[in-house]
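Student: If you want the building blocks of each chain, they are given just below.
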Amino acid sequence: MSWTRNVMRVNLTEGTIGNEPLNMEWAMEYLGQRGLATRYLMEEIDPKCDALGPENKLIMVTGPLTGTMASTGGRYSVVTKSPLTGTVACSNSGGFLGAEIKSAGWDMIIFEGKSPRPVYLYVEDEQAELVPAEPLWGKSVWETDEWLHKHHQDPLLRIAAVGRAAEQGNLYAAIVNDLHRAAGRSGVGTVMASKHLKAVAVRGTRGVGNLRDPQAFMKAVSAGKKVLAENEVTGAGLPQYGTQVLMNVINESGAMPTRNMREVQFEGAAEISGEAMHEPRKTDGKANLVTNAACYGCTIACGRISRMDQRHFSIKTSPKYWGASGGLEYEAAWALGSDTGIKDMEALTYANFLCNEDGIDPISFGSTVAAAMELYEEGVLTDKDTDGIKLKFGSAEALCKVAELTARGEGFGRILGMGSKRMCEKYGRPELSMTVKGQEFPAYDPRGIQGMGLGYATSNRGACHLRGYSVSSEILGAPEKTDPLSTEGKPALMKSVQDAAAVVDSTGLCAFTTFAWTLDDIAPQVDAACEGGWTSEKLLEVGERVWNLERQFNLAAGFTAKDDTLPPRMLKEAAPTGPAKGRVSDLHKMLPEYYKLRGWSEDGVPTAETRNRLGL
Amino acid sequence: MLKSLQIEPEKCTGCLQCELACSYQAEGVFNPAISRIKVFTFHEEGRFVPYTCTQCEEAWCMHACPVEAIVLNPETGAKEVKADVCVGCKVCTIACPFGTVNYQQSTGVVYKCDLCGGDPECAKACPTEAITWVDADHTGLERMRAHAAGSGTGGAG
Ligand code: SF4
Ligand code: SF4
Numbered sequence: 179m180s181w182t183r184n185v186m187r188v189n190l191t192e193g194t195i196g197n198e199p200l201n202m203e204w205a206m207e208y209l210g211q212r213g214l215a216t217r218y219l220m221e222e223i224d225p226k227c228d229a230l231g232p233e234n235k236l237i238m239v240t241g242p243l244t245g246t247m248a249s250t251g252g253r254y255s256v257v258t259k260s261p262l263t264g265t266v267a268c269s270n271s272g273g274f275l276g277a278e279i280k281s282a283g284w285d286m287i288i289f290e291g292k293s294p295r296p297v298y299l300y301v302e303d304e305q306a307e308l309v310p311a312e313p314l315w316g317k318s319v320w321e322t323d324e325w326l327h328k329h330h331q332d333p334l335l336r337i338a339a340v341g342r343a344a345e346q347g348n349l350y351a352a353i354v355n356d357l358h359r360a361a362g363r364s365g366v367g368t369v370m371a372s373k374h375l376k377a378v379a380v381r382g383t384r385g386v387g388n389l390r391d392p393q394a395f396m397k398a399v400s401a402g403k404k405v406l407a408e409n410e411v412t413g414a415g416l417p418q419y420g421t422q423v424l425m426n427v428i429n430e431s432g433a434m435p436t437r438n439m440r441e442v443q444f445e446g447a448a449e450i451s452g453e454a455m456h457e458p459r460k461t462d463g464k465a466n467l468v469t470n471a472a473c474y475g476c477t478i479a480c481g482r483i484s485r486m487d488q489r490h491f492s493i494k495t496s497p498k499y500w501g502a503s504g505g506l507e508y509e510a511a512w513a514l515g516s517d518t519g520i521k522d523m524e525a526l527t528y529a530n531f532l533c534n535e536d537g538i539d540p541i542s543f544g545s546t547v548a549a550a551m552e553l554y555e556e557g558v559l560t561d562k563d564t565d566g567i568k569l570k571f572g573s574a575e576a577l578c579k580v581a582e583l584t585a586r587g588e589g590f591g592r593i594l595g596m597g598s599k600r601m602c603e604k605y606g607r608p609e610l611s612m613t614v615k616g617q618e619f620p621a622y623d624p625r626g627i628q629g630m631g632l633g634y635a636t637s638n639r640g641a642c643h644l645r646g647y648s649v650s651s652e653i654l655g656a657p658e659k660t661d662p663l664s665t666e667g668k669p670a671l672m673k674s675v676q677d678a679a680a681v682v683d684s685t686g687l688c689a690f691t692t693f694a695w696t697l698d699d700i701a702p703q704v705d706a707a708c709e710g711g712w713t714s715e716k717l718l719e720v721g722e723r724v725w726n727l728e729r730q731f732n733l734a735a736g737f738t739a740k741d742d743t744l745p746p747r748m749l750k751e752a753a754p755t756g757p758a759k760g761r762v763s764d765l766h767k768m769l770p771e772y773y774k775l776r777g778w779s780e781d782g783v784p785t786a787e788t789r790n791r792l793g794l
Numbered sequence: 132m133l134k135s136l137q138i139e140p141e142k143c144t145g146c147l148q149c150e151l152a153c154s155y156q157a158e159g160v161f162n163p164a165i166s167r168i169k170v171f172t173f174h175e176e177g178r179f180v181p182y183t184c185t186q187c188e189e190a191w192c193m194h195a196c197p198v199e200a201i202v203l204n205p206e207t208g209a210k211e212v213k214a215d216v217c218v219g220c221k222v223c224t225i226a227c228p229f230g231t232v233n234y235q236q237s238t239g240v241v242y243k244c245d246l247c248g249g250d251p252e253c254a255k256a257c258p259t260e261a262i263t264w265v266d267a268d269h270t271g272l273e274r275m276r277a278h279a280a281g282s283g284t285g286g287a288g
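Heads up: the sequence lines are chains A and B, in that order.
Numbering-wise (the working numbering), the first sequence opens with residue 179 and increments by one.
Numbering-wise (the working numbering), the second sequence opens with residue 132 and increments by one.
If we strip away everything but chain A, and leave its shape as in the complex, we get (with noise of 0.2 Å):
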């Protein structure tokens, strides 16, 4: 059992604190972090309510083998419902912050209510308190990371914080832990900030054992990191160019979505790929790339640290970027760069910067900026609108300013943190916003890689690849190579994928892993750490309550299978290069069957037989 069994529960509008037993039942059917969750948040509010009510809830959420030695077993998720979609949230993230939580002797912590006043969580093993935030309303998350350091004395304290773009309401601001790793998507930082929560801040000392068989446990942590070290994509190409690996890969398969989704290749993907970070700059002869990181255990250790030249014209007068921090990774510099059509890889470093000191959601942000170019372009949005920026594509000037304004809060970034949905709709152009179900699109082009679509359409918290991630077969060939441009099969690829990722996200490893792990990997460690009997099947089995369960959440919050679709875009516009020229996403080819094959009526609704087969 690698459970602690214990839930945190902090009623923000009473200022209490309560411990109580987990619920073991729903441990054995949702193992933990995102499955088990989403039963707390389906059995404790209602699917229809305002996410930023205090009626909603939100949960800090770790894994059974969060803590452990499992390598990448460091994850923890929030859970709650999102105020950028409507659907249920759940993000997760690296770094250190979840195994703390496990190490202070807790599984989750579930925040209710809001708070009369801004404070903060100070958690010191099973000690927690409610602590008055005043001061640190209207900060950074780094303002806050430093000040919580020094007030409490201790260097070891981790942390994750809300910053000024959540309290000024940007629909999809993060929650960022350790400086810069995020809970991204979804707005679940806006879910924290309305409930005048800054930060958490814990200090764990318990560690985490308690191991059903800690022999077979620590063996099978051998063999994993082995298949993890042996293989090319975590053994190799992650660590050394991160998840830009794939910049270039995507890019010539023609699904590289640029300047707000109209092309699909951009000719500046060479210059912000993983290898030009590695690079000696022009300019200072140096390389934007300082080290790989990892996250808490992580034998991968596909994170970026990067360093700006301080001469450029973002931060020449800020010293405080001239040290270095969390890089470039795919989606960050695919949105913030080529979905804008801009190739200056230090002014989207600059920008990612901004995106970790006060915590948005770079996808979602990159995409929003890239539409509103479009508007700007079109002419329906106009210097008065911009704050006198002129918003083009390619212009890195432009993409400074609005970082800048979007992470603060202020000015035209109010705009721009309503999302892409909420502000193409404000200026009447609904079909210029590439989101699905009101969140962003991620770097993969549907048109260029079909199972995407697919994947897109039905993915329980909008448009996300982290959903189910066919690119694995379609373009990278694992565990087989299937045609991203056929629509044949995928189906139930997607679905596959969609329930492993599930059960992954459940267990506290990271995703990436699955770039070289199938379940076969995992089940054994899951099973020598827990209790339940845990084989392949079985977790797979998870993985599709996982999934079937936030399609309920998402039925019951008022979805339908008209919601399950994409831009028109995407949908007609065809590829104008590449090996998709000419082809639109066959959504239509695929979701039919995708429905029969979850066992879901026509409508898009788990049938009452699926419900009972999963014990729903």
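Treat the hints as calculated values from the structure; they're not laboratory data.
Please note: incorrect hints may appear among the correct ones.
Covered stretches of chain B, as calculated for chain A (at least 3 residues, CB under 8 Å) [to be verified]:
{"#": "1", "region": "138–146"}
{"#": "2", "region": "151–157"}
{"#": "3", "region": "161–167"}
{"#": "4", "region": "171–180"}
Here a beta-carbon is modelled for each residue, glycine too, at the ideal position from N, C-alpha and C.
We have chain A already, so just place chain B with the ligands on it with the hints.
Tutor: Just chain B with the ligands, lined up with the frame of chain A:
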């Protein structure tokens, strides 16, 4: 042949596998808070530096201990704490110039690296070879090799 831990910080990613392996071997729990090896992060510089006891020949801690609770293991060269002898006076923690001997509130005695009896878990757990277990007389060998590889190759300019 005596062996030593060799640490090459430039290879470290800060993953803490070494700390997890260490605490698990020593106390049966994954707990960086009580690891005998510590990885320090210098965030602004983008550097991670693992640090632990170097097993000094004339160990300050050993000499300082008033009850001889720190003894040499002749087979490994490790200076080991005899927990049943230690009185928790903490003099050794003051004597050690490197801070690698620490007091543990929950046990009332000090703890330090004991080289796992000659088969250190940190070195086995490290995925990047930032920690290796090498011939004690040649901890500089890899660094010498790296520099040697860079010299004498400049011929053709
Ligand atoms: S693969 Fe990357 S994101 Fe995942 S745990 Fe490792 S360093 Fe963190
Ligand atoms: S295991 Fe190796 S790479 Fe990881 S923190 Fe320790 S020394 Fe660094």
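Student: Each hint: holds or not?
Tutor: Right, here's what the structure says about each hint:
no. : hint    : result
1   : 138–146 : holds (count 3)
2   : 151–157 : holds (count 4)
3   : 161–167 : holds (count 5)
4   : 171–180 : holds (count 6)
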